[in-house]
Amino acid sequence: MQPRTGKGMESTADDSAQAAGATSLPEDFCAEIRSFAEALPELDYYQVLGIERDAPTAAVRDAFFDRSKRFHPDRYFNKELGPYEGLLHEIYKRVVAASEVLRDEQLRRGYDQTLPPPGQSKAKAPPLVRSGPVKDAAAEAAKEAKTAAKAKPRKSLRDRGGLRAPNAGIQGLQRQLESSREKSQKQLELAREHGAKGDWSKAAHAARLALAFDPRDKKNHEALAEYLTRANAEGAQRMRADGMVALGRGEEEQAFELLSEAFQLQPTDAELAFKVAELCRRLHGDEPERALEYALRAAELDPRVVAYRKLLGLTYAALGRNAEARKELQRAWELDPMDKDVKQALGSL
Amino acid sequence: MPDRVIGIDLGTTNSCVAIIEDGQPVVIPNTGGYRTTPSIFALTEDGKRLVGHLAKRQAVTNPKNTVHAAKRLIGRDFDSAEVQRVRSHCAYEIVAGPNNDPRVKIGDRAYTIPEISGIILREMRLVVEEYLGEPVHQAVITVPAYFNDPQRQTTRDAGKIAGLEVLRIINEPTAAALAYGYGRTSTEKIAVYDLGGGTFDISILQMGDGVIEVLSTSGDTQLGGEDFDHAIVDMVLEMFQEKHGISLREDLMARQRIRDAAEKAKCDLSELQTAEINLPFIAPDSSGQAMHLSTVIQRDELEELVRSLVDRTRDICQSALDNARLSLDDIDNVILVGGQTRMPLVQRTVAEFFGKVPHKGVNPDEVVAVGAALQAAMLAEDQPGPLLVDVTPLSLGIATFGGNCARMIERNTTVPCARQEIFTTTRDGQTTVKIRVLQGESDKAGENDLLGEFALTGIREAPAGEPEIEVTFDIDANGIVSVSAKDIATNEVQSIQVNPRGTLSPEELEKLAGEYGADEVQVRG
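Protein chains in written order, with my numbering: chain A, 5 to 353; chain B, 585 to 1109.
Hints were generated in silico from the structure; no laboratory data involved.
Every value quoted in this text rests on a predicted model; they were computed, and no experiment measured them.
Using N, Cα and C, we set each Cβ at its ideal position, and we do this for glycine too.
Among the hints, a few may not be true.
If you want a taste of the chain B side facing chain A, the calculated C-beta under 7 angstroms gives, among others [what the hints assert, rightly or not]:
1) Gly792
2) Gly794
3) Val795
4) Ile900
5) Leu971
6) Ala983
7) Gly987
8) Pro1000
9) Cys1001
10) Thr1010
11) Gly1013
12) Ala1061
13) Gly1063
14) Ile1064
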């Protein structure tokens, strides 16, 4: 099989151009990609698509299409992208995410509530990002190469790719680091604000951003752990409550879904594990191995409760694992010698 | 001069190939002059390999060694319900391979499915090379939108065996929409109803200026024209049994003749009200006397026979509309794709359901290949055209405690995309989590397809529920799924690029590619 030959590699005159940037994209587009990618974490979805807050859905769709024509990786399938491949991928994923949320009424409303009111955003103005297709890179590159070869002396490596400023390098990196730390601290503050109000999921979201900007600060880890655990507990409580209501109404399938989800979020609740195991046995009696994990957890978490041991023993018995069944049921009988079911089950083994 | 790229519609019953010449799509006919080639491979008694029309013609006398509808087997497990169903209907022998993959036993060899599909793809490649007088090495190949990852990967393997670098696997309805939308700039919503030989797909798409976006897609990879044929064959066998007290089911030659006649009758009934099935000397009776099979089928009899199959497509259309959150009024146009849509019952049902007459301007047998050729030229040859923005048709998730599946990326999510969720441990002191990547719609892990798995180790010891494991799913423009898991506390990361098991090992694949993939044509001039 022959290698694909991208048109961009046909320019012969100024080969250092290709070697240095390892990309055949036009220079100004590269700069645009770089600044867009850098600004990405701070931009809200409206800024990502380049539209106003009150844009109607059709306009959101058109904006998505315009951005797609410029930033979808397929437009550059045939080109050498070098380091820009990853950046384009990141940018376009965000464009897709923005489109998904803003084109759905419900999701858009929910998202709008998380944003500061328009005009009060503390973020700097977003970088200039164009839409629509990029002019043919190959033609541009070839043209540039020809004129470069004829008139100007070869540009040095350092003058390409944004390393123009003399104090780029260490100082540039330092500035980047400081700005990340600032952003991180801002998010942490926001997280604490939400936490103080008891908005655990918003707090967890902000803490996650803080961590993303500065993964080395222990405070961010602690904040995320705290808020996430609380957000999960809150979610779990809600689901547990809904699950118990469903159970009370006899909606067993619904209850099973809710309670097993709740257990995922709070895997330390023995009673919950027990309830899920029981439901599992009732609904999926033909698949006792599904109930086994839950029954095991319940008994592990609280070894003194007879009901948990009993259920575990019965589940083992249903699976034909009689030795283990006997062990558990024996234990249950020791805890409560008066339990008739246990005696009966032991007898039948 | 860069290689030419081609677009191949690898169909269950028929395949078609096209290229772009001077900005115009051209369907390339084979040496017999046909614009489609039957997806059939046969090995004659004297060991000769036949593909296409030649293979189809000798099917009656050589049913055990003539393989059709390999697409119904590709990427599936031998013990799956689908493969077992095909086994019950087909005349060739399907056996289990070492990876629980189905293989076809012909002569003294067991052929893998990608090999058979590879042989057919190679035939399509040769058709173009013959026409152009130069070698062809790159292609875009289409698959049903509802194909899962193992099916897509195995199709890629088949392409490699045929000596093709598969630039992209694209969905059949999307390809059809591209062919339809090429050159148009109107902003409309269309439905593509694709009923082919073996599969049914329905996609709802938003056409725009320079972009074609899939809104939702649904389908059934076990519903197609072949099932219509089977219904007729079963009816004829039953009728014969009633009349003569003899079952022809085990007589492979008789069954093959009945199958061919059934397919012909089905096609005839799209034009006529009556069709005849006339097969003299079908089989000998108990005394050695020759029996003849002769019957007549009316169009409305056929419609009764297959009504439930067509109704199934209607339900799937409704679910696609629901998924896109649209109503019937939102659809501006309906495109029919696939030979089976020529049937009047199908056209009526579609028109009734969507409340409008389907668009007649596309050739249902060729539109998919044309779309594939356009996409190939747009990707590799800087051919201008609309950008395709597609979706992932099946949900992706990971296995969680209790045999459940936590969905990470919902079906019908636009790709490329990424999703992140935080999970935790279920036991105290747990230091390893196993990430099992699943594809499918069930909430039960066991009912979905396992695409790949890996383990994240080195999690700090902590009570159950405390550690934060951030799992990220990422699908890129090529449809490649990457999954990574990160322990937020330790920053320990593990990831995999999910290369779902094609059914061949890399060594087997290389060997087969060497055997079939070699250059055939010398460059002209």
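Here's how the hints hold up against the structure:
1. Of the supplied interface hints, the one on Gly792 (chain B) holds, with its beta-carbon coming within about 5 angstroms of a beta-carbon of chain A, less than 7 angstroms.
2. Among the interface hints, the one on Gly794 (chain B) holds; its C-beta lies about 5 angstroms from the nearest C-beta in chain A, closer than the 7 angstroms criterion.
3. Annotation: Val795 (chain B) was flagged as interfacial toward chain A, and the flag holds, the nearest CB pair being 4 angstroms apart, inside 7 angstroms.
4. At about 23 angstroms, the closest approach between the beta carbon of Ile900 (chain B) and any beta carbon in chain A exceeds 7 angstroms, and the interface hint on this residue is violated.
5. Evaluation of the Leu971 (chain B) hint against chain A yields a held restraint, the C-beta minimum of about 6 angstroms falling below 7 angstroms.
6. The beta carbon of Ala983 (chain B) comes no nearer than 12 angstroms to any beta carbon in chain A, farther than 7 angstroms, and the hint placing it at the interface is violated.
7. Evaluation of the Gly987 (chain B) hint against chain A yields a held restraint, the C-beta minimum of about 5 angstroms falling below 7 angstroms.
8. Hint status for Pro1000 (chain B): holds, given a least beta-carbon distance of 6 angstroms to chain A, under 7 angstroms.
9. Look at Cys1001 (chain B): its Cβ gets to within about 5 angstroms of chain A, closer than 7 angstroms, so that hint holds up.
10. The criterion of a C-beta within 7 angstroms of any C-beta in chain A is met by Thr1010 (chain B), whose closest approach is roughly 5 angstroms, and the hint holds.
11. Below 7 angstroms, beta-carbon pairs count as interface contacts, and Gly1013 (chain B) has none with chain A, the closest being about 12 angstroms; its hint is therefore violated.
12. Taking 7 angstroms as the C-beta cut-off, the interface hint given for Ala1061 (chain B) holds, the closest approach to chain A being about 4 angstroms.
13. This hint is violated: Gly1063 (chain B) has a C-beta 12 angstroms from the nearest C-beta of chain A, more than the 7 angstroms allowed.
14. Taking 7 angstroms as the C-beta cut-off, the interface hint given for Ile1064 (chain B) is violated, the closest approach to chain A being about 11 angstroms.
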